[in-house]
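K.L.:
From first to last, the protein sequence lines stand for chains A and B. Counting in the numbering used here, the first sequence runs from 23 upward without gaps. Counting in the numbering used here, the second sequence runs from 2 upward without gaps.
It should be emphasised that the hints constitute simulated quantities derived from the structure, not laboratory data. Among these hints, one or two may not hold up.
[Stated by the list, open to error] Under the rule of at most 25 angstroms between Cα atoms (straight-line distance), these lysine-lysine pairs were calculated in the DSS-like manner:
| no. | chain 1 | residue 1 | chain 2 | residue 2 |
| --- | --- | --- | --- | --- |
| 1 | B | 104 | A | 63 |
| 2 | A | 63 | B | 23 |
| 3 | A | 36 | A | 88 |
| 4 | A | 63 | A | 88 |
| 5 | B | 58 | B | 69 |
| 6 | A | 77 | B | 43 |
| 7 | B | 69 | B | 23 |
| 8 | B | 23 | B | 104 |
| 9 | B | 95 | B | 23 |
| 10 | B | 43 | A | 42 |
| 11 | B | 104 | B | 58 |
| 12 | A | 77 | A | 42 |
| 13 | B | 69 | B | 104 |
| 14 | A | 63 | B | 43 |
| 15 | A | 86 | B | 58 |
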Amino acid sequence: GAVVSQHPSWVICKSGTSVKIECRSLDFQATTMFWYRQFPKQSLMLMATSNEGSKATYEQGVEKDKFLINHASLTLSTLTVTSAHPEDSSFYICSARDLRGERGFFGPGTRLTVL
Amino acid sequence: GENVEQHPSTLSVQEGDSAVIKCTYSDSASNYFPWYKQELGKRPQLIIDIRSNVGEKKDQRIAVTLNKTAKHFSLHITETQPEDSAVYFCAASKGDDKIIFGKGTRLHILP
Numbered sequence: 023g024a025v026v027s028q029h030p031s032w033v034i035c036k037s038g039t040s041v042k043i044e045c046r047s048l049d050f051q052a053t054t055m056f057w058y059r060q061f062p063k064q065s066l067m068l069m070a071t072s073n074e075g076s077k078a079t080y081e082q083g084v085e086k087d088k089f090l091i092n093h094a095s096l097t098l099s100t101l102t103v104t105s106a107h108p109e110d111s112s113f114y115i116c117s118a119r120d121l122r123g124e125r126g127f128f129g130p131g132t133r134l135t136v137l
Numbered sequence: 002g003e004n005v006e007q008h009p010s011t012l013s014v015q016e017g018d019s020a021v022i023k024c025t026y027s028d029s030a031s032n033y034f035p036w037y038k039q040e041l042g043k044r045p046q047l048i049i050d051i052r053s054n055v056g057e058k059k060d061q062r063i064a065v066t067l068n069k070t071a072k073h074f075s076l077h078i079t080e081t082q083p084e085d086s087a088v089y090f091c092a093a094s095k096g097d098d099k100i101i102f103g104k105g106t107r108l109h110i111l112p
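Next comes chain B alone, as it looks inside the complex (with noise of 0.2 angstroms):
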């Protein structure tokens, strides 16, 4: 089955600069890559996604690159802000499958 590897699992950053998480995947059929942020005892809210058909996605100061042949996808956030604080989840799906998750990374956005 598929297996997801996030990396850092901890990342402090000063307030205002970027933040980089990393991910790689097993399976070559997943097409779907979501970012989850998740706060203390709340559900993991999608923050921004990917599909396989694209290698670049930006939504304001959040981007999520992706290299289907090296089987790594990565989230990008500029400009960090203390309400960035919070556990990021990569995760990677095969269409309508289930969604696999990493392990998590905990940023802490220092002022």
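If we strip away everything but chain A, and leave its shape as in the complex, we get (with noise of 0.2 angstroms):
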């Protein structure tokens, strides 16, 4: 149990275009959802939090307009990179908690390639 997956697993996009990610629960409801960012060898940074029904909340440092998160329902959100540019590629992963408040599970990770 306790299976979170994302899409996609790799995307390569040019500059200006938009991408989105989605995050999924599998087997389980999960109330709120986070979005991390992992630069090459570096720890994993949080960028928001989602919770279902209402606006992410978005770490200090993490411009809103720019990645837009939607967390529709129990098991979906969506983080849109929006006018990516190359420094914004990176390893996005997502942590699904479920209704118990129980640890997170992550996702796969998300590997974008902004040329």
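Reassemble the complex: the two chains are provided individually, in unrelated frames, and hints are given to aid placement.
P.N.:
So this is what it looks like as structure tokens:
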């Protein structure tokens, strides 16, 4: 149990385009999902916390208009990187908590490369 | 907000020896401390966790200790094996709140 999927697993796009990443909890309902970004050889940096049906809470320094988060259902959260630039190239990982508030379950990550 | 410090950043250990990674946290309200192992290009995998009402927890070759007073917690890996080579992250969380990660320790197991 407690499986989290992400789609796509990798994406390459041109500078200026927008990219949407999906995070799904497959066998449980996730009231809260977290989005992390990880640059090479660095730690996971929390970008934002999304709760189903409400606006996401962004960490300091993360542009909410650039990284749009939508948590429309208890099993799906999406992160849209708008007008992507090469510096946005990174490994994006989501984590989902179940209704009991137990530990987060991580998705497999999405590697974004912006040319 | 919570700040998690992790040391060392790199650790090389002879196969069969023990490895110890140490972390400190700043928020005394944090009560959940997971440890993750991450291999290159993959998601972090939870290897062990401890809650603030427990001082020590062990799972085969892996153990974690927690000192709430000092806000320290440590990961101990005994009888290290080549497959233990990876990046290890400590983290801290307040109940159902976000998980904040340390900067990671790159563990090399030497043959």
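K.L.:
Work down the list of hints and note, for each, if the structure agrees.
P.N.:
A quick look at each hint next to the structure:
no., hint, in the structure
1, B:104 - A:63, "holds, 9 angstroms"
2, A:63 - B:23, "holds, 19 angstroms"
3, A:36 - A:88, "holds, 16 angstroms"
4, A:63 - A:88, "holds, 24 angstroms"
5, B:58 - B:69, "holds, 14 angstroms"
6, A:77 - B:43, "violated, 29 angstroms"
7, B:69 - B:23, "holds, 14 angstroms"
8, B:23 - B:104, "holds, 11 angstroms"
9, B:95 - B:23, "holds, 19 angstroms"
10, B:43 - A:42, "holds, 20 angstroms"
11, B:104 - B:58, "holds, 23 angstroms"
12, A:77 - A:42, "holds, 17 angstroms"
13, B:69 - B:104, "holds, 20 angstroms"
14, A:63 - B:43, "holds, 12 angstroms"
15, A:86 - B:58, "violated, 39 angstroms"
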